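Undergrad: Spelled out, the chains give:
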Amino acid sequence: MTELLIQHRNIAATLALVAALSLAMAMSLALGTVSVPLDGLWDALTGQGNAMHRFVVQELRLPRVLAGALTGAAFALAGCLMQTVARNRLATPGIIGIDNAATAFAVASVVGTGISLAPSAMALGGAATATALAFGLAGANGTRGYRFIIAGLGIGAIAGAVTQVMLSRVAIDAANAAFPWTVGSLNARSATAVSVLAAGLVAGWMAALLLGRSLNTLQFSDPVAINLGTRLKRVRALSLACAVLLTGLAVAVAGPVGMVALLAPELARALCRSGRVPLTASALAGAGFMVTADLVGRLLLAPLELPVGLITAIVGAPYLIWILVKPSSRSLT
Amino acid sequence: MTDYACQRTPASRALVPPLPVAVFFVLAAALASLLWGAGPVGAVEALQVMTGQGSEEARFVVMELRLPRLATAMATGLALAIAGALLQALTRNPLAEPGLLGVSGGSAFAVTLAILLGASSATMTTLVAQAGALAGCALVMLATRSRGLAADPVRLVLAGATVTGLLLSLTSVMMLADQRAADEVRFWITGSIAGTSLADLVAVLPSMAVAGVLVVIVASPLAALSLGERAAMGLGHRPGRIRALVVVAVALLVGGATALAGPLVFAGLVVPFIARALAGPDIRKTLWLCLPIGPGMILVADTLARVIGAPAELPLGVITAMLGAPVLLIIVRSRRMPAL
Amino acid sequence: MQTSFIHCVRQGLVAGLAMLAISQNALAETRTIETLYGDVTVEGQPERVVTLYEGALDSAIAVGVQPVGAIITRGGQHVASYIREAAGDIAIVGAPGETNLEAVLALQPDLILATRQTSRDQYELLSQMAPTIVLDVPLFRQDTWKQELAGFARALGREGQANDVIARVGHRAEEVREQVTGSIPQQQRDTSLVRWMPQGPLVMSEGLFSATVLASAGFEVEDGGIVKEGRPHSQPLSQENLTLMDQEWIFLATINDDGREALDAARQSPAFKRLKAHSNDRVVPVDGHLWTSASGPLAALAILDDIENALSQQP
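Chains as they are written, first to last, in my numbering: chain W, 1 to 333; chain D, 334 to 673; chain S, 674 to 988.
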């Protein structure tokens, strides 16, 4: 009976998130410097109606909205996986240096060539390098416990310092070109990077769902999880690989928007209190959050645009401080 | 729980052999920072200046550029090392470091805000930086009250890293909004003591002196506090008051150092770590050793920043990050977290 | 001989354009412009021009076209102040490197003039809105601005005016040059162009637009060989190496409209006080937007005015 209620609750939560995401996407397609009336939106999407609306919706906004939804979902899913594996809600890829390293590699390619020349591969390389280093330096027991996290912190600090050096030593034009990258922006995305991300997200999501049952047992202590038949080492390594892939590909599209990885899984957990790891719900929440934040960034100072990473940081700040200072913190255990 | 921690700590060691060695180290580092720099004045010429000879140009570089800079570097290093040692004793966490916990980040954020609101970095007040550091400290202390954070060193650092990341993002927002601020902050934010004048140092000194007095007052009570709250109260100390004094001292020190050199990460981690390794866990001995090692480390880092980066300079923060990250790894790789 | 030939061509073009203007609706003239992304065809006289590059805004206004949209100057809130008045009531469509494509589209442009750093992805979107000109002109050369002006003017159908403008700038440079050579001995014309930072100066390249204008006015711009190949804008310098930028003259750029503040900050530095340009009172504070970010004929004229002013304030 309880099981059934939980099931219903989860389905309701998922549906609500899908509805919220759809609404955010529709708003994002309709609003902007050129506003498209809602009844004209469908025509524009299906290639009919006003030519200007068609161009705005299909060529300018749709790719951006899709990129936002995909990166949001990827960051959130990666965050959810990492939090579960590390048993710590603050242990998201952004915090432990994966974002930083991916950005450092990407910025290196941007400032090195003067124009933004497909930094996608570089970003993925950076994410993988950081994780491999953190693994190696953390010693034998891999992803377990704090060593991995702290090693990642150290690597992230170095990567951040290197990015700063690169930005302070190149010509101002190149530094400006790379700046949206360092805070996270959907303005400079490349179509190739987005399609690679789409493929990666589908693969990562399916892998996460396959790992789902084992991940659920990780919410208990190690002995319990082992008793329930979970092969801890394998599950951890696979989840981590998934998270790295998703983060690297997402950074390649939008730069480091780490807050999404922290906030979206929180929201998903609050909506479906089921004792399961809310993988799909996190991805949906992340997508919706990212699309909304980008919309706000486009509208706030129009015609100038604020990078999406800044909006997520500003929204995330009060929440983060709240979970840090509230006296008995369920969120950190 | 604290008594247990006390039993596990290694025996205290004597101060005598390490302290003179450390003093020798800082003297050597100071000499090196006068001898080498980003410019054409090399060791031989610098030595000639010190013996009263040398060209007018060399004299200027050594006496007017390198010497004030040496003083600034020493003050910065001293402040950060002492602040780190205090914060670690207070939170009983060897990873508690002003940079990692977001105290420097809060300070940098406040300064950027002040520049944005119209203050120029030349007239930037130490007070702003210290207020920011105090806010950062307060957040850390509030965070340690939440369950799980105080007991687990890593969780506190993770929380601090999150706050630091957040503050950096917000600092970026402001830099985006105002290019003049970006221009002034872009170099400072990576940590650097290039271009600080003696006037900047003088502005910071009074608050450093106040912090110094506070440190002298709290050193013994803090050592007692490490035996446990009850033991400290039995010795006539009031834990709440001690903590408050320590927080104020840390805020003064970190704010002062940040006003001088920008947010430097890891300086407050490395120095107390070395000091404890040499002298054992007693906070009083750690503080004594921090006196020479802290300035020495920043001097070495600053000299490297100048020599490697010539004809420009590397940001000091990059060098401290490169020196500090390995120490961070050493600490976490040790079999168990050393208890404090 | 050659000048008179150009003159003839120009006369012809002007006459032709005048005729075109009359019969514009009946017969649209088409021109093909070579760009970085292939040949682009422009018809008739574009009327709604959007410039996504400071040099393009400058060039367009210089040949008598009022663009309807432009980007803000780097670090500013609007177009650079030297051109603010001439630009009139112009719509802002983004910042350097962050173009708001929707704002461009909303202006319904019939020609877009973009920076050389426009990426292919961006170009493809822009070219669906209007013919988009991304000139393939090497940056940081003596004649970069002339080539850009020629290219943009061709797209605008105003090559004749472009030649007039180039001649005007050349004439004005000659005027200022005569004053410079008349009042300053040859060995006192070395100059460096820097931005002052609290940590030390940022030395601007000899190839920077304003540096080439200084050179055309008779100054010898030196960057001490410290701005390296491949990093053609600027290079930060340690205070210990300040002697590397110690020339007879220093043009000190600042991002504020009022250069005084930066100059005061610099003067507090003991290293700066030792520079001979400082002791000779030959440090000239100038507007950083104009001197380190802008380019084009109007910018050249404004910079030449600054130079003339600096001379007149010399004892």
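If you are wondering where the hints come from, they were derived from the structure by calculation, not from laboratory data.
Since the structure is predicted, the reported quantities are computational estimates derived from the model, not experimental observations.
Ideal Cβ positions, reconstructed from N, Cα and C, are used throughout, including at glycine.
Treat the hints with care, as some may be off.
Said to hold, decoys possible - Partial pick of chain W residues on the chain S-facing surface, computed with a CB cut under 8 Å:
| hint | residue |
| --- | --- |
| 1 | Ala19 |
| 2 | Leu23 |
| 3 | Met27 |
| 4 | Ala30 |
| 5 | Leu31 |
| 6 | Thr33 |
| 7 | Pro37 |
| 8 | Asp39 |
| 9 | Gln58 |
| 10 | Glu59 |
| 11 | Ser190 |
| 12 | Leu304 |
Claimed, not checked - Subject to a maximum C-alpha distance of 16 Å in a straight line, what follows is the list of computed EDC-like cross-link-like pairs (lysine to aspartate or glutamate):
| hint | chain 1 | residue 1 | chain 2 | residue 2 |
| --- | --- | --- | --- | --- |
| 13 | S | Lys949 | D | Glu389 |
| 14 | S | Lys949 | D | Asp615 |
| 15 | S | Lys949 | S | Asp919 |
| 16 | S | Lys946 | D | Glu378 |
| 17 | S | Lys946 | D | Glu562 |
Claimed, not checked - What follows is a set of in silico ranges between Cβ atoms, one per label pair, in the way DEER data are often shown:
| hint | chain 1 | residue 1 | chain 2 | residue 2 | range |
| --- | --- | --- | --- | --- | --- |
| 18 | D | Glu390 | S | Gly855 | 32 to 42 Å |
| 19 | W | Leu31 | S | Gly843 | 28 to 38 Å |
| 20 | W | Asn50 | S | Asp712 | 55 to 65 Å |
| 21 | D | Pro350 | W | Lys233 | 53 to 63 Å |
| 22 | W | Ala302 | S | Asp712 | 31 to 41 Å |
| 23 | W | Arg231 | D | Val660 | 47 to 57 Å |
| 24 | S | Glu797 | W | Leu15 | 31 to 41 Å |
| 25 | W | Leu38 | S | Glu797 | 24 to 34 Å |
| 26 | S | Asp816 | D | Glu390 | 32 to 42 Å |
Undergrad: State the violated hints by number, sorted upward, taking the hints as numbered earlier in the document.
TA: 1, 2, 3, 4, 5, 7, 8, 9, 14, 16, 17, 19, 20, 21, 23
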